[in-house]
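Engineer: Residues per chain, in single letters:
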Amino acid sequence: MARIIVVTSGKGGVGKTTTSAAIAMGLAKKGHKTAVIDFDVGLRNLDLIMGCERRVVYDFVNVINGEASLNQALIRDKHCELLYILPASQTRDKDALTQEGVGKILEDLSKDFDYIVCDSPAGIEKGAHLAMYFADDAFVVTNPEVSSVRDSDRMLGLLSSKSRRAEQNLEPIKEYLLLTRYSPERVKLGDMLSVNDVQDILSLHLLGVIPESKAVLTASNAGVPVILDEKSDAGQAYSDIVGRYLGEEKPHRFIDEKKGIFGKLFGGK
Amino acid sequence: MSLLDYFRINKSNTASLAKERLQILVAHERSSKNQPSYLPKLQQELLEVIRKYIHVNEDAISVNFEQDDDQEILELNIVLPDFNTKNT
Chain R
1 MARIIVVTSG KGGVGKTTTS AAIAMGLAKK GHKTAVIDFD VGLRNLDLIM GCERRVVYDF
61 VNVINGEASL NQALIRDKHC ELLYILPASQ TRDKDALTQE GVGKILEDLS KDFDYIVCDS
121 PAGIEKGAHL AMYFADDAFV VTNPEVSSVR DSDRMLGLLS SKSRRAEQNL EPIKEYLLLT
181 RYSPERVKLG DMLSVNDVQD ILSLHLLGVI PESKAVLTAS NAGVPVILDE KSDAGQAYSD
241 IVGRYLGEEK PHRFIDEKKG IFGKLFGGK
Chain E
1 MSLLDYFRIN KSNTASLAKE RLQILVAHER SSKNQPSYLP KLQQELLEVI RKYIHVNEDA
61 ISVNFEQDDD QEILELNIVL PDFNTKNT
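If you're matching them up, the sequences are chains R and E in order. So in our numbering, spot 252 of the first sequence is number 252, and the numbers just go up one at a time. So in our numbering, spot 50 of the second sequence is number 50, and the numbers just go up one at a time.
Treat each hint with caution, since some may be false.
Stated by the list, open to error - Short, incomplete list of chain R residues facing chain E, as computed with Cβ under 10 angstroms:
#	residue
1	GLY157
2	ASP197
3	VAL224
4	LEU228
What the hints assert, rightly or not - In silico SDA-like cross-links for lysine to any residue, where the CA-CA straight-line distance does not exceed 20 angstroms:
#	chain 1	residue 1	chain 2	residue 2
5	R	LYS11	E	VAL26
6	R	LYS104	R	LEU228
7	R	LYS78	R	GLY51
8	R	LYS11	E	LEU76
9	E	LYS19	R	VAL146
10	R	LYS29	R	ARG76
11	E	LYS33	E	LEU74
12	E	LYS33	R	GLY123
13	E	LYS19	R	LYS78
14	R	LYS188	E	LEU17
15	E	LYS19	R	LYS162
16	E	LYS19	R	ILE255
17	E	LYS19	R	VAL195
18	R	LYS11	E	LYS41
19	E	LYS41	E	LEU76
20	R	LYS162	E	GLN23
21	R	LYS250	R	VAL195
22	R	LYS11	E	LYS19
23	R	LYS188	E	GLU20
24	R	LYS78	R	LEU228
25	E	LYS19	R	HIS205
26	E	LYS33	R	SER160
27	R	LYS29	R	GLY123
28	E	LYS33	R	SER161
29	E	LYS19	R	GLY51
30	E	LYS33	R	SER183
31	E	LYS33	R	HIS129
32	E	LYS33	R	LYS78
33	E	LYS19	R	SER183
34	R	LYS11	R	GLY42
35	E	LYS19	R	SER110
36	R	LYS29	R	ASP191
37	R	LYS104	R	LEU70
38	R	LYS11	E	GLN23
39	E	LYS33	R	ALA166
40	R	LYS30	R	HIS129
FYI, nobody ran anything at the bench for these hints, they're computed from the structure. Since the model is a prediction, treat every value here as computed from it, not as a measurement. Just so you know, even glycine gets a beta-carbon here, dropped at the ideal spot from N, CA and C.
My request is simple: use the sequences and hints to build the entire structure.
Structural biologist: Shown next as structure tokens:
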């Protein structure tokens, strides 16, 4: 049985797809057979971030409609043979995804995979609902910014009331906080909500902090998940997150300010 | 405290303002999330009934719904006007 992870946020542009690509790659690199599914029907982008946009033949909706088999639609990642991508459809038909169809695909994938990562679209419409409905774990991606924190809280409410686990009175979805685009310098200046501030408000278990990083854009330019850029801060932060999720003890990094040469000379701490 | 910190002029701490606003908002949204959807209508209709007999202001009535583990409490609060303005 696979563990189903939803990467969600409510708000758009906070780093859901970047995170989905990175953690799916991270899990696969650790030897777990992983599938990552794009639920953003009509606006697929996971294929671009994963660098497989030219290999898309069939998609999620084709499989639901029986026009292609799961094996035909799954794209094997070129960097890691344990990682497969199921792209979203570019159809404009909002009702293309059905609860039965999604449930059947996840059930079929569960037989063969260790982890299934569901990349949720922004908003609280059907795609976002179905991405989280079957989840066992939720990675709530949040920016240290008021609208993102509010939307994350809204998503937490939905996870605990409108999911399969909630409706069937099963053990609730395990929720984790991923704070992205974090800038310790701005936190220190009092310009940005700190990790503790966000945790005070959302009361979530912190899985990790991803610093604001140039590496995220360069990775997406190249279509390579940022976690493969092992020298970058964001890549290392995602590696830590995957490790922590799998139960490894890893101290939190990237929460404190990087000290430059002057900071090192004059810094008290 | 590093020497460099003395050169950082902290004009206004907007992060703490953001936190304060969020805490109020999130608490409000969480409490209203569990309320039954008929609550606003109930409040409006109760107000109309009471106004047949007593002149009360629109904000003089508050309906609160609270949920504990084993009970639900519907709390109705009406602030009556002063005696000299009553029964007019």
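Engineer: For each hint, tell me whether it holds in the structure or not.
Structural biologist: How the hints compare with the structure:
no. : hint                : result
1   : GLY157              : holds, 5 angstroms
2   : ASP197              : holds, 5 angstroms
3   : VAL224              : violated, 34 angstroms
4   : LEU228              : violated, 33 angstroms
5   : R/LYS11 x E/VAL26   : holds, 15 angstroms
6   : R/LYS104 x R/LEU228 : violated, 32 angstroms
7   : R/LYS78 x R/GLY51   : holds, 9 angstroms
8   : R/LYS11 x E/LEU76   : violated, 36 angstroms
9   : E/LYS19 x R/VAL146  : holds, 8 angstroms
10  : R/LYS29 x R/ARG76   : holds, 13 angstroms
11  : E/LYS33 x E/LEU74   : holds, 15 angstroms
12  : E/LYS33 x R/GLY123  : holds, 18 angstroms
13  : E/LYS19 x R/LYS78   : violated, 43 angstroms
14  : R/LYS188 x E/LEU17  : holds, 15 angstroms
15  : E/LYS19 x R/LYS162  : violated, 27 angstroms
16  : E/LYS19 x R/ILE255  : holds, 18 angstroms
17  : E/LYS19 x R/VAL195  : holds, 11 angstroms
18  : R/LYS11 x E/LYS41   : violated, 31 angstroms
19  : E/LYS41 x E/LEU76   : holds, 14 angstroms
20  : R/LYS162 x E/GLN23  : violated, 24 angstroms
21  : R/LYS250 x R/VAL195 : holds, 17 angstroms
22  : R/LYS11 x E/LYS19   : holds, 18 angstroms
23  : R/LYS188 x E/GLU20  : holds, 17 angstroms
24  : R/LYS78 x R/LEU228  : holds, 12 angstroms
25  : E/LYS19 x R/HIS205  : holds, 18 angstroms
26  : E/LYS33 x R/SER160  : holds, 12 angstroms
27  : R/LYS29 x R/GLY123  : violated, 30 angstroms
28  : E/LYS33 x R/SER161  : holds, 11 angstroms
29  : E/LYS19 x R/GLY51   : violated, 38 angstroms
30  : E/LYS33 x R/SER183  : violated, 32 angstroms
31  : E/LYS33 x R/HIS129  : holds, 17 angstroms
32  : E/LYS33 x R/LYS78   : violated, 45 angstroms
33  : E/LYS19 x R/SER183  : holds, 16 angstroms
34  : R/LYS11 x R/GLY42   : holds, 17 angstroms
35  : E/LYS19 x R/SER110  : violated, 41 angstroms
36  : R/LYS29 x R/ASP191  : violated, 37 angstroms
37  : R/LYS104 x R/LEU70  : holds, 11 angstroms
38  : R/LYS11 x E/GLN23   : holds, 18 angstroms
39  : E/LYS33 x R/ALA166  : holds, 16 angstroms
40  : R/LYS30 x R/HIS129  : violated, 29 angstroms
Figure legend: structure checked against the earlier numbered hints; hints not met, in rising order: 3, 4, 6, 8, 13, 15, 18, 20, 27, 29, 30, 32, 35, 36, 40.
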